[in-house]
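Participant: Sequence:
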Amino acid sequence: MKKIAVTIPTYWSWETTKENLPEDAVFDHPTPLNLEGTLNTTLNSLKGLAGGSFYVILITAPVNPRISGQAEEKIEKIIAPYKSIYPIMQFGPGDLKYVQELLTGHNCSPDIISLAAYAQIRNCQLFTSAMLNAELIAAVDDDEIVPPDYLIRAQDYAGKKVRGKTADGIAGIYLNAEGDYNIKEPADSRRST
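Numbering (the numbering used here), first residue to last: 12 to 204.
Simulated from the structure, these hints should not be mistaken for lab results.
Keep in mind that a hint or two might mislead.
As the list claims (entries may be wrong) - Derived pair list, reagent style DSS-like, types lysine-lysine, alpha-carbon separation capped at 30 Å:
(1) Lys14 with Lys171
(2) Lys14 with Lys172
(3) Lys172 with Lys29
(4) Lys176 with Lys14
(5) Lys88 with Lys176
(6) Lys108 with Lys88
(7) Lys108 with Lys176
(8) Lys58 with Lys13
(9) Lys13 with Lys171
If you're wondering where the values come from, they're calculated on a predicted model, not measured in any experiment.
Please model the entire structure based on the sequences and the hints provided.
Facilitator: See the structure below:
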């Protein structure tokens, strides 16, 4: 049985009563600190996962370093009830500096991981999972409902030969309510230049 890490980046912004700042990181759907958001729904959906044992790593990404502490505290409160259901932990701004120092000590650029941009956040997902010896990394967003057979399907191809090549990574597509992956746009939704 594979050691499976389920990684979930979760994005947090200022409370709704506060203005965004020009230096804030830009994420497409950060949750304001004074709201609940969708993370609980995602974590609840993991309760019924079949397909092996897993642990969850939340990657906490605040839009601004000034709210790092608040975001980490919020996540700790959210995940507390789940700790008795499945192993769950947080990688946040407080952990980032330590890991960047480790990278520097191994002659690697610490800039490959950060909590301020999507690519570096994905690297955090990979890095934290590798540090915990994961054999399979299942990445989901903090606004998804994970189907019970998700881990079974993830293991169907990962690490196996597909058409003569090893599938080291797999990705799914999002399907809308009509079962299609294409977003239906109104004809006048784009402006010509």
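Participant: Give a verdict on every hint.
Facilitator: Checked hints:
no.: 1; hint: Lys14 with Lys171; verdict: 16 Å, holds
no.: 2; hint: Lys14 with Lys172; verdict: 19 Å, holds
no.: 3; hint: Lys172 with Lys29; verdict: 51 Å, violated
no.: 4; hint: Lys176 with Lys14; verdict: 22 Å, holds
no.: 5; hint: Lys88 with Lys176; verdict: 43 Å, violated
no.: 6; hint: Lys108 with Lys88; verdict: 22 Å, holds
no.: 7; hint: Lys108 with Lys176; verdict: 38 Å, violated
no.: 8; hint: Lys58 with Lys13; verdict: 18 Å, holds
no.: 9; hint: Lys13 with Lys171; verdict: 13 Å, holds
Checked against the numbered hints above, the structure breaks hints 3, 5 and 7 and satisfies the rest.
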